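Protein chains in written order, with my numbering: chain R, 43 to 417; chain G, 43 to 417.
Treat the hints as calculated values from the structure; they're not laboratory data.
In this text the structure is predicted, and so the values were computed from the model without any measurement.
A hint or two may mislead.
No copy is singled out in the list; a pair is fine if it fits within one copy or between any two copies.
[Stated by the list, open to error] In silico DSS-like cross-links for lysine-lysine, where the CA-CA straight-line distance does not exceed 30 Å: (1) K301 x K50; (2) K123 x K84; (3) K123 x K331; (4) K84 x K331; (5) K56 x K301; (6) K331 x K129; (7) K331 x K164.
Protein chains: 2
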Amino acid sequence: MTQFQFQKTRQDGKARTGMISTPRGDICTPAFMPVGTAATVKAMMPESVAATGADILLGNTYHLMLRPTAERIHALGGLHKFMNWDKPILTDSGGFQVMSLAGLRKLTEKGVTFQSHIDGSKHELTPERSMEIQRLLGSNIVMCFDECPALPAERDRIAESMRLSMRWAERSREAFGDRPGYALFGIQQGGLEEDFRAESAEALREIGFEGYAIGGLAVGEGQEAMFRCLDFAPDQLPEDKPRYLMGVGKPDDIVGAVKRGVDMMDCVLPSRSGRTGQCFTRHGVVNIKNARHADDPRPLDENCSCPACSNYSRAYLHHVFRSQEMISGMLMTWHNLQYFQDIMQDMRDAIAAGTFAAWEADFHAGRANGDIELL
Amino acid sequence: MTQFQFQKTRQDGKARTGMISTPRGDICTPAFMPVGTAATVKAMMPESVAATGADILLGNTYHLMLRPTAERIHALGGLHKFMNWDKPILTDSGGFQVMSLAGLRKLTEKGVTFQSHIDGSKHELTPERSMEIQRLLGSNIVMCFDECPALPAERDRIAESMRLSMRWAERSREAFGDRPGYALFGIQQGGLEEDFRAESAEALREIGFEGYAIGGLAVGEGQEAMFRCLDFAPDQLPEDKPRYLMGVGKPDDIVGAVKRGVDMMDCVLPSRSGRTGQCFTRHGVVNIKNARHADDPRPLDENCSCPACSNYSRAYLHHVFRSQEMISGMLMTWHNLQYFQDIMQDMRDAIAAGTFAAWEADFHAGRANGDIELL
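Turn these sequences into a full structure, and let the hints guide you.
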């Protein structure tokens, strides 16, 4: 049986390429993980997600534990079979979404009790329960159960929360047990504070994980503050393990994170934006509902290989968006996921060629030029 | 250039197989046409519609003339290119949907004026304008502009309406002109009245069309009344031209219509039902939202080749329906369209083998047995 392994292959500045090997297949890094919240990447067939080049999906413990429940998915053969995705799956721990979605939360040393946002039923998540749920789902990369304060917050509050997460990280490691081929990732916390981030990284290194995530960013602090934190946070984590920046982000966030040594990311942005008519392109964001597209026979992006760009005009995409047809979300989600995977591939190629800085300059120049001119 | 042609190939009782040849490709009959109202079969990629075996789609003149407009579609290269469907398209005339959807209608000898249900704008449809719109769309099979009363209606009202439609049929023929490779179909009216249907058929024959539709059924009269009418209506139409029963229907309606000599049908039912969790199977209708499916690892229909049945459990379909995920409508629409195309193929095979009656008995027996038993 293949073990879970990470091999760094190339480096250009702090940006790095690598390969994560799992029994479910390999993951080329830097990797972007589409989000399959409720056992589906919204508006996409899983084979279409794979066609964009995604090597791994993210599933949400919070959503799946409430509906259809982890026990049910386990009885049905696990999340991969349930949702027809046989490549690797990473699941979050549920901690972040409990804090952002659930009702009537109560946080103690033991864990969190909360009410379901769906039906108000009461539930508990602890490090032990989160490990059990992620095991029942069959997740290949399991995340430690953690807690993270909204930013800005007082230093005391940030430190207290980080230290609780580190105690939970130890309990998560203990509860995860020995599972060859599966990985447990620790999550660094500490807000934007370099000393707390260092303390957190040290605590996690001491426990020992197969990978290390940077948590608690992309929670409203803004890109500049996030990048300042990413100037030191990845360096505090082990160099020979994958580094995963959680919940990021916009294309320029992703490029800036890779530049700073991040290997993995996830975000709902490409799929959510696809459903609201926001399309990411080399020329920046195109808002397809804008009337300027109504008669435009040109593709969204002539260099994109996705079905939306290969088979349809902007006029069609505009029409089906305005008509609220499902194919609108289907096509534009596909396009956005393709664009995100394309920039990951571009960055992997540029890092391998030692031309990341030039690629990054091109990336920003293309966006600065703006959308193609009106006909 | 291929002409528009119909060749009857086999007959079993009144049921018949045939082939319609068009420059856009052949249509095996009996044929079921999925409905692509607003230039999309809802929740489906066009290549997926083709994968179910559909040879032809139906487009709605009323919807397309209002949004994005026929002139815009024409400027963009026609409906086939616009919606990425290169096989034949049949368009209705707009008449029926003006009567069922538009506001403030006014009917005169000349045509109908009405207000858009989208933005209240004023429009006019006449036989001449309907022919122009269908030409601008690039429709391969164009329908005469007609008018049809809701049933039940007084005999006088039915006769008056039918005779107006016959005058409009003549104006449609005149306005359609000489368009090699394209077809114009006349529409028989006359309610459930055999004498009016005969009068209408005679009027249409005299004008001469490439095919003949049976209009004014499936408008609330019930299956028994519709079948009584279909016991004579198809026989009144030319035997060597395709016969198209408009807006039908449920699987047993379709089987009963084919049995009575109908060659073509269309209906929104498979796609609309797919979005509301109603799945058509050999065992009858399965309502996926029913709690009995929540833990069921079995496919919707083990004999169906569609992605919903090949790749997913009933439990998954139940979950994504309850979670209101788009993949729910995508998978169940695909299944329903596959089922409809499968019964068309089955009927074509049975007619060719001279075993239609036995096939029909099996069809009804399978439905009478009901859904598979609980585990």
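- Task: Could you check the structure against the hints above and give me the numbers of any it violates, in ascending order?
- Result: none
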